[in-house]
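Undergrad: Throw the hints in and build the complete structure from the sequences for me.
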Amino acid sequence: MTVLVTGASGLLGGAVARILVGRGEQVRTLQRSPSGVLGAEDVAGSVTDAATVARAADGVDAVVHLAAKVSLAGDPAEFAHVNVDGTRLLLDAAERAGVQRFVQVSSPSVAHAGSSLVGVSAEPADPARARGEYARTKAASELLALSRDRGAAGAARASLSVRNPGLNPDEQRRSQPGDDGGTPDAAADFSVVAVRPHIVWGPGDTQLVERVIDRASSGRLPLLGHGATLIDTTYLDNAAAGIVAALDRLLDRPEIVRGRAYVLTNGEPRPVADLLAGICRAGGVEPPRWRVPVGLARTAGGLIEALWRVRPGTDEPPMTRFLAEQLSTAHWFDQRAVRAELGWRPAVSIDEGMRRLAAHYGGTVG
Amino acid sequence: MVTSGAGSVPPGLPGLDPRFSHVLRVPDGGAPVPAGVARPVGAAEWHYLDNGPELAARGIEPVGTVLAVHGNPTWSYLWRDLVSLATERAVDEAAATGERPGGVPDAWRVVAVDQLEMGLSARSGRQRSLPERVATLITFTDELGLDGPVVTLGHDWGGVVSLGWAVDHPDLLAGVVLLNTAVHQPEGVPIPAALRLALAPPVHRLGTSTTRAFLETTLGLAHPRLPREVADAYRLPYRTAADRTGIEGFVADIPATAGHRSRAELDRIATGVAALDVPALLLWGPRDPIFSDRYLDDLVSRLPQARVHRFEGAGHLVAEDVDYAAPVLDWLGSVRSDDDSRADAFTGPGGPSTSGVTSARESSDRTAVAPDRAASGGPPFRPIWAALDARADDDATREAPAVLDMTGAGPATVSWQALDRQVRRIAAGLHSIGVRRGDRVSLLVQPGPTLTALVYACLRIGAVVVVADAGLGVRGLTRAQRGAWPQYLIGQTRALAAARAMGWPGVRIAAEPLGAVRRRALGVDHELFDVARAGEGHELPPEPGPEDEAAVLFTSGSTGPAKGVVYTHARLSALRDALAGHFGVGPETGLVTGFAPFALLGPALGTRSVTPDMDVSAPRTLTARAVADAVRASDARMVFLSPAAILNVVDTAGSLEAADRAALERVETFLSTGAPISADLLGSAQSLMPNARAHTPYGMTECLLVTDITLDGIRDAASAPDDGVCVGRPIADDAAGGVAISALDDDGAAAGAPSSAPEVHGVLGEVLVRAPHLKERYDRLWLTDVAAERDTPPGHWHRTGDVGHLDAAGRLWIEGRLAHVLTTPDGPLAPVGPEQSIERVAEVRRAAVVGVGPAGVQQAVAVVELVASSDRPARRAGLAPQELDAAVRASSSVALAAVLVVPQMPTDVRHNSKIDRVRLARWADGVLAGGRVGAP
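Line by line, the protein sequences give chains A and B. In terms of the numbering used here, the first sequence is residues 52 to 417. In terms of the numbering used here, the second sequence is residues 838 to 1773.
The hints are simulated quantities; they were obtained by calculation from the structure and are not laboratory data. All C-beta atoms, glycine included, are put in the ideal place defined by N, C-alpha and C. Take these hints with a grain of salt, some might be off.
[Stated by the list, open to error] Only part of the chain A face toward chain B is listed, based on derived beta-carbon distances under 8 Å:
#, residue
1, 73
2, 77
3, 167
4, 170
5, 278
6, 322
7, 379
8, 381
9, 385
10, 388
11, 391
TA: Shown next, in the form of structure tokens:
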């Protein structure tokens, strides 16, 4: 099997590509900088460039799409360009190239409305309810990808997506089975699954782990509220293995998984204060001691976010409303369906993950 | 006077489909009416709900009809849920079984009328009397062509009307169902205050028709409040004063006085009901200012075969307060035999009655029901007083001590002969003041020789002793007294004062002498001293039989409102035999009883019993020396103590002198009874009685002895890998008894087929017990009985509500309560095992493991309370500090999402020991979802 992994220079994309190389698949990667994955064939470029994307998709059997603009704040147009337009280009190219399986890597925030999530299962993506540009554009791209599935479930999704304002009329037309711009015979087998890993962390993670360690070491990491809010997270290796499992199920159990979206987590929700403290200790820094009331943090986050838009600097904003919500409301998910249907269970526990983190950063486990 | 025809149900009333609404024009006055009642003429339009046409359209032939009659001031809307559910079930049943000759099983037609002048039926302006209401209902059913079998259903004054129809149709009648109603007003008892007020001339018209006061007051009796749309639906037919004349007429028709025009008909119905031989179901809301438990008790005495369920917390509008429709339909299904012959279908209930009163008729019915002991060839029935009689008759033992009481200034000793004489005097005396077999006698007397004599006297004449522990508190006791509704109450001064203040039922008998003034003040009718003297030399009435009721014991109330548990004589005697057999109690054993329930069994066991010097209502007051003194005074070989008493006995062991220790060395058996106890504490107690074998049995009010384990057994079990508390092996473990496990499913429901076979060893499930000394049933809690016997194997089993497992050695391990089981993605999880593992952390005093999140995906959370000497006393609730968190997680046998600390666990008021896990779980759920911390 030849698999195209986009965004393989990222932590999760690289981990997925390494698993696939490791088990003997032909792996091609697509990203702007070198992937650093030994044994993979790099295609350098952006997912927003049609020619590059067509070249990358040529001759592959399956695509795992991770490339995205991931940030807590930034220019809305840039988010839409990379996350929505880029995904559309890739889907078009894949269909034309006769690709049969497509794994869209998404985020639970696509269905998140800022409220507490307690043991919920994967709700449909909804750009209107998603908070922040990243989540909004990821919601639109997930809907777009699932609308291209040609199975029974995909057809049902496609009919739903007709009402979705996130798709333009051309996409709505395309989303009808048997009517697309690609090769009809090949596209008839095009199957899509969306996987939403929740808060992925591990050694080398710049999104959460290193940001937390960095802020804590400079005394800029507050705890929001009482810190007891339960947050489920996903250790890096588990997220990568789950994505590969989704790809495999498209091959051996397509009737169950195609057209569906799965939230992927460790299934071990923990109080946010415990998680942050664990990461800090693993990183060799003191856990946060000062607390910010939740309401104040949200207001401040919104204010800072707005200021940042006016005067963009080089650093990320220290706190945005999105992050404030992520860290003060419960986020954990019903993992029964994902485990049963993807035939996957996380192999690395939170505690083991913390040990590996501590080994990487030279901190302690406690 | 305004007249109008019948209306029909508009669309949009909550829960009522207008397709069930029908109107029938019926001759008004065509039916025979008793002499002296004006014969009305003309015709009247009846509005009624009926699912008959709906069933017919689907080709479903029902097995019978429920004829439902509302009261005042409601209308057929009251019965909407029954109409809907009956239809739904009939359709489902027909789909499942196909058509069968003689009707689809469990398919019932429901006809719910609006009485004339009421609801959407016609208004003639006439005020109708009870005989006329019964007669017009009969005209209606004739016109409708109603055929049998018919089960009548009535609420409030509609209950009386429905029973009027019932007693006039013995050929069609298949059963009666009643919700809060009454057919009899006892002589000398005023009618309920609320009705007296409504009947007072200045209030009557103003309150009933001119204004909506009566209507609104009735609608306000719902618990919880009626949703606005539902209350509006009830108001629909009563919007104008003219609409409400029927309400006024109905109130005027309450036969408050002997000379009332409807009194004769009421008495005729009341008498007729007592002669009904059909199955009956009484569903009752006790929070009813009008139809209190007094009226339930009257109905139970008229319909002793009735299944009875009191919905604690529900009131007059019980049909709105609780789901009554499903129980009614379930009951209809259960009374119907498999025989398709309709005539035979309702000849009698399938098992022992759930009535509160044992009548002579019922006793004869019950002889057909073989108790487990007879089926298993157990020992023949010996009355509970047999050993007492034998000892008192035997020249060798008659002067020997039977009961010793060391709680007073000096030891009081009662010989076998004296005890027997006192029992006979009280028994005959009680009989002479009117106490009859089946009458309930509430005993509110401190343990001691008087209570012992009272218990045996009541049992001897077939009176049913009602025993509720003072620990329930005044509110709990009030609930218990109203629930059991004893005809007599025997109490000491404090209890009599509470009875007077709280209006507890029963003729009051003072257990101790009172002056005339206090007698009057407390409303006392008799003093026990006089009662006993009156019985001197009198013959005793015939003995009760083994299947007659003997006792109603109330549960501790630590898990919800206390429930009455009914024991028959056979089952009480079986308890005596289990105790004697398992622990080897013989005439020479001698018992020291620091735990009241077993103190009462001494005379039944034929051995002397001694109550040590203590405040019997406060076990903590028992000292080691008092135990030694009691052992010495009675030469007892066996000691019963509660865990609280043991704690203090161990704490006061330092004051024992050599002679005390020598006395304690003679003890052969030592029982800790009442609650679980740690091996350490049991071991400490046993070290004071070095030659005794220490036992701790597991049981509950419903079955006082289920399993037993010795101290050695507990020590053996400590090395087993099992989760939970090992409570040993079943005491009754043969054809007549045993323990079975009903495995839990992923939703935490005990769905597995009950079994004790190897395939359930190690499987978590609900614990089921069976024993000859198991309860007969709950008192006036038929639905609770049904739940406790749901899907049980043949024989008389009981679902305990405890969860646990059996091990390969046949030992039972208790892992918590069914209601506290967590439903995790990996399956059901019982809390006790993980809690024990967490309590191994030195700093943790108590731990509770609760689930947060939705059922099926719950996460386990540990909530801990720290020992007093902890370095970090928790002044506020919140996340555990890091070291404690790590220690708890490391010690826990299950993965934990979070560790929370609380300054103090929320516990039940009753024992201050059982952690309120439901409350704790709700609190943890809120905190971990980002809510405020506060206190649990």
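Undergrad: Please go over all the hints and tell whether each is borne out by the structure.
TA: We went through each hint and held it up to the structure:
1. 73: violated, 29 Å
2. 77: violated, 36 Å
3. 167: Holds - the Cβ of residue 167/A comes within 8 Å of chain B, reaching about 5 Å at its closest.
4. 170: Where the cut-off is 8 Å and the nearest Cβ of chain B is about 4 Å from residue 170/A, the hint holds.
5. 278: The hint holds - residue 278/A has a Cβ within 8 Å of chain B, the shortest such distance being about 6 Å.
6. 322: With a minimum Cβ separation of about 5 Å from chain B (threshold 8 Å), the hint on residue 322/A holds.
7. 379: holds, 6 Å
8. 381: holds, 4 Å
9. 385: Given a least distance of 5 Å, the restraint on residue 385/A holds.
10. 388: Not OK, violated: residue 388/A not within 8 Å of chain B, min 10 Å.
11. 391: With a closest approach of 10 Å, the residue 391/A hint is violated.
The structure shown violates the earlier hints numbered 1, 2, 10, 11.
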